[in-house]
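With the hints as your guide, set chains X and C onto chain H.
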Amino acid sequence: MSVRKMTLLAMMMALAVALGYAESFIPSFWVPGTKPGLANMVILLCLVEFGFFEALLVNLGRVLLVGALTGTVFQMGFYMSAAGALLSLIIMWIGLRYLKKLTLYGVSLLGALAHDGGQLLVGWAFLGNPGVFYYFPFMALISLATGFFVAFVVTRIVKTGILKRILSEEKQNPKAVKP
Amino acid sequence: MTVKDFFRRHAYDFLAVSSVLVLSSAALVYYAIPKREDLIASVFVEKSLLATYDLSKETTERTIEIEGKFTPMTLGIKKNAIAVLESGCKSQYCVHQGYVSAANHPIVCAYNEVYIALSGKEPVNSVVAGVMVL
Amino acid sequence: MRKKTRFSLLSAVVPFLCSCASGASPLSESKVLFDTLVTGYSNSGNSACLDEVFAELTEWDQWLDAFHVPPAGVASIYTINHTNEPVTVSAPLAELLFFMNSLPSQTEGLFNPLIGNLTALWKEGLAASTPFVPEQTAIDAAVAEIADTEHNFLEINGNTVTRHGSATLDVGAVGKGWVLREVQHVFDDYVEPDYLLDGGSSSFLFGEYGKGDGTYTVTFSDLATKGLKLQKTALGVSSISEQNAVINGVTYSHLVNPLTGSAAAPAVMASAIGIDAGLCDAMSTVFFLAGAEKTKAIATKMGLGYVYYDGTSFVSGNGAPVYDR
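Protein chains in written order, with my numbering: chain H, 20 to 198; chain X, 10 to 143; chain C, 3 to 327.
Extracted from the complex, chain H is given alone in its bound form:
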């Protein structure tokens, strides 16, 4: 991994942490744990631009650091967040790699649903009752909106090609790089 790439990934992780931490102050809707998924924009962007391994690094780093910042490390909420993040990443990777007919919007929706599913699975494991899946329809509907929003932003960023340009081995003319 080049220094440039490592630096970029570190910045992505910082951004994901900042967004994740900021999100923690936004009150959830009636259903526990529903958030706008701002940090997932960074994860999806990493997945699209860099690949699974890089996205996994950023994702896990984000989960750990947000957990540390909010003081919820190794509590049930932390594990739910981690499981959701991991499952979401895996499903989005599968979607990008194998479900070519889906655009980023579809992949993002799948990721959001997988995130919900992962959280509820951990909830089931901790609480010992699959009845937590009662909340899934509510979370799924909210995922439609959050998934769309995440995909919308990521699509716009990907279209600019900025990350590819930053990573490019060519010498960059600073004036030519468009923000």
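Heads up, none of these hints are tricks.
So, partial list: chain H residues that the calculated Cβ filter (under 8 Å) puts toward chain X:
1) Thr122
2) Leu132
3) Phe145
4) Val151
In case anyone wonders, no lab produced these hints; they're calculated from the structure. Glycine included, every Cβ here is placed at the ideal spot set by N, Cα and C.
Using the frame of chain H, we list chains X and C on its own:
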């Protein structure tokens, strides 16, 4: 891009969205159907059953104090309904739910690892004769 | 549709199915009626059916109330007991009173509808903070009043009821059972076979239980060794555990013998089993007072199953489905 191209390009996205929309809406409609049923509330803390309440036999509203994993909680119980009235958790999701009176609709406090399960009662097939109940 | 898409869709459905796992739940409703707790169970959760049952039961509660002034336009037992003038009652109430009027001749006088003053006398004594036996002179006067059928009788012409004399009506021995009989049709109308109506734990109506052999299990608070398995039938139970007082070593119950005026309990528990809940309720009282031999005779004549327990011996017959616990 024409409209036709747009829909062709996003056909499977729309399929995914509509599937989620239809299934979620169907589930929510099912939840919304009012059902009168006799309920039993089982309160679990850290996966252990703490108490069971036959909500169909409650005649007045009352409160019960329990110990969650990290903080105490206050439950409210009335005929065929239960609620978390107070909890020391940060998010207060459990409290915001209010009184729940539908079977299979759980109340969860993730912070305190408290799970309140509501289930319908078993069919009655036995009685005791000769005891005056009033 | 491609396999991958089909698989994805199917996997998406699973969490939704988990969230919707639920079927019809049993439902019960309880209400204090006829001075006791009446509970109805609909094991298929038919709330509309139970609502209608209790609406009818509530109407009957007004008609059978002997202690409170009824609402305007309602003629009740209280109305009849407070006048010797003709009273126009509802047709169902008139039918009950006609039925009660027919029972003394079929039960050798052990059932008498005009036992109101006698039961009130005993109720006052047994319900006191220190229970006492009423004065024998008062008891004898009440018995004489009942026996004087020339002056004390109930005249029923259609829906018009006239109480002659000073003896008053008491429907307690048959009211609950009769009412259960009257509301049974609601379950048939709603095609709800799996139901159970519990009238104060002394009168019951059983449908057909939806599982196993279709029977409901009845156990007795006074008898630990026997039970009944019943379906599509009614049960009337009279027992000392409902209300009793022990005075000078003698157990007195709320069941008073109209012939002797005594409330000393000759039995612990007696039950009648049959199709008609009203008849079963009335006959359980008669069996309680009649003793084992007469119980068998009357039950056979009426085509009822019976159970009789006097504290030492237990007898049953006429097909009563008894089982050992």
